[in-house]
Amino acid sequence: MASIKVILRINKIDKSGKSPLYLRVIKDRKTKFISLSLKISENEWDSDKQIVKKNHSNSTRLNKYISQKIADAQGQIADLETKNLSASARRLKEAIKGKPNVNFFEYSYDRCEKQKHTLALSTYNNYKNYLKKFENYIGNKDITFDDITVTTLKNYAGYCSTTLGNNNTTINFSLKILGLMFKEAQREDLVPLSHFPFSKFSVKKSKSTKRFLSAKQLEAFMKLDVSGKSKAEVIKDMFIFSVFSGGLRFGDIIELKWENYDSKEHKITKVIRKTNRQHSVRIGKVAIDILKKYKKSNSIDSDIIFPFTNIDKEYFTNREQRSKVVRKAIALSCMHLTKMGKRLELPFSLTFHISRHTFATRALNNGMRIEHVSKLMDHSDIGITQVYAKIISSELDNAVDKYIN
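If you read the sequence shown in the working numbering, its first letter stands for residue 6, the second for the next number, and so on.
Read the hints as simulated data drawn from the structure, not as lab findings.
All figures in this text were calculated on a predicted structure; none of them were measured in a lab.
Even glycine gets a Cβ: it sits at the ideal position worked out from N, Cα and C.
Careful, some of the hints might be misleading.
Here are the simulated DSS-like cross-link-like pairs (lysine-lysine), alpha carbons at most 25 angstroms apart as the crow flies [claimed, not checked]:
no.: 1; residue 1: K20; residue 2: K59
no.: 2; residue 1: K23; residue 2: K44
no.: 3; residue 1: K17; residue 2: K54
no.: 4; residue 1: K205; residue 2: K37
no.: 5; residue 1: K121; residue 2: K181
no.: 6; residue 1: K138; residue 2: K54
no.: 7; residue 1: K215; residue 2: K146
no.: 8; residue 1: K23; residue 2: K59
Quick list of the computed label-pair ranges, beta carbon to beta carbon [claimed, not checked]:
no.: 9; residue 1: K262; residue 2: N130; range: 44 to 54 angstroms
no.: 10; residue 1: P197; residue 2: M227; range: 56 to 66 angstroms
no.: 11; residue 1: N145; residue 2: R348; range: 44 to 54 angstroms
With the hints as extra help, turn the sequences into a complete structure.
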């Protein structure tokens with residue numbers, strides 16, 4: 006519960022010998038003062054009764070004014086605490102002063118809509134999904150930025166872990182989305198820079214595990230017989246193609262056209278979906294042979310190379326449609342690759358993205374310079390690529406340990 010009292014702040018006495026009157030609000034042992042825009046002498050104030058003494062010429066009028074201010078403040082406090090028991094002292098002060106408090110969800114969802122056409126569709130959807138996740142935890146949309154404290158974040162992280170079973174990586178991403186909305190609101194001067202609970206709370210990051218196929222596992226995968234299963238055969242070829250073409254991502258491979266392939270230079274050139282940068286990579290013999298397998302006598306430049314899913318004109322003009330097609334294709338690829346992984350008795354679930362990791366580790370193992378690997382993978386920062394270098398180093402250490410022990 007919050008407490009409110011009228012205080013004569015004699016430590017702020019002016020040259021005429023008068024001191025200002027303030028409403029003092031205390032909540033959770035934190036104090037806020039709200040000026041009443043009144044000044045009186047110390048001998049004109051009864052601190053016990055909290056009234057102006059009769060020796061002041063306008064005592065009756067001033068006491069009526071003070072009583073009304075107290076009643077208004079108590080009403081505001083009652084309303085806020087009925088809606089939200091976590092209302093802070095600062096929020097109570099702002100409510101009493103009549104300063105509007107920004108609703109977190111109203112602002113955040115509106116921000117998402119304003120950025121919809123400047124964000125990648127997957128990013129836009131992620132923002133909305135993670136905001137909805139937080140909304141489900143809160144139970145309603147009646148929460149302001151000021152209500153979100155370190156305690157709120159701790160409790161939310163606990164909910165994500167124990168109730169939803171999220172790992173630390175997912176929890177950190179859930180908090181990151183909320184933090185982004187805080188920073189956007191602060192840039193618009195809607196939230197004070199001093200109120201950023203994320204700087205006081207964080208979840209320990211999980212160690213990143215990059216799964217990849219070893220040379221023996223890749224050889225076994227390439228020899229795996231999937232004949233008679235058309236989609237399985239295509240996704241297997243796409244996986245191998247990725248390994249031998251710089252680790253191209255799934256979303257880029259399914260939409261590859263013959264016009265993206267220079268058969269003389271043996272190069273794939275296209276705008277990468279994730280980065281929106283034009284990327285060019287020379288492919289190896291294994292990848293070239295795979296392309297020859299899918300090249301038909303009547304193929305034209307605008308034809309899709311890999312017949313794994315339906316890529317039509319709308320796919321390239323409607324990003325909602327493209328997102329829907331990619332999601333379904335990823336699900337189908339996961340189904341087939343998981344079955345293949347089980348047949349090979351891999352110690353992890355096989356996904357298409359592992360082809361990208363396999364390319365990186367193979368390239369580094371074969372002596373390719375890390376900056377070249379980074380360029381081929383279209384990484385924005387070489388620090389991302391260095392994760393693979395650490396994997397190689399760890400593998401070497403383990404091999405040495407086994408040899409000398």
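Given the hinted pair K205 and K37, is their Cα-Cα distance within 25 angstroms?
22 angstroms, holds
Could you grab the alpha-carbon distance between K20 and K59 and see if it respects the 25 angstroms cut-off?
23 angstroms, holds
Are the Cα atoms of K121 and K181 separated by 25 angstroms or less?
18 angstroms, holds
Does 44 to 54 angstroms hold as the CB distance between N145 and R348, or does it fail?
Since the Cβ atoms of N145 and R348 sit about 49 angstroms apart, the hinted range of 44 to 54 angstroms holds.
Check whether the Cα positions of K215 and K146 lie no farther apart than 25 angstroms.
38 angstroms, violated
With a cut-off of 25 angstroms on the C-alpha distance, tell me whether K17 and K54 pass.
OK: K17 and K54 at ~21 angstroms, within 25 angstroms.
Assuming the hint says 44 to 54 angstroms, is it satisfied by the Cβ distance from K262 to N130 or not?
Taking Cβ atoms as reference, K262 and N130 lie about 26 angstroms apart, which means the hint is violated.
Taken at face value, is the distance from the CA of K44 to the CA of K23 at most 25 angstroms?
It holds: about 6 angstroms lies between the C-alpha atoms, which stays within 25 angstroms.
25 angstroms limit on alpha-carbon distance, applied to hinted pair K138 and K54
Measuring from Cα to Cα gives roughly 50 angstroms; hence the hint is violated.
Proposed proximity, K59 with K23 (alpha carbon, max 25 angstroms)
16 angstroms, holds
Does the Cβ pair P197, M227 satisfy 56 to 66 angstroms?
Between P197 and M227, where Cβ atoms are some 59 angstroms apart, the hint holds.
The structure shown violates the earlier hints numbered 6, 7, 9.
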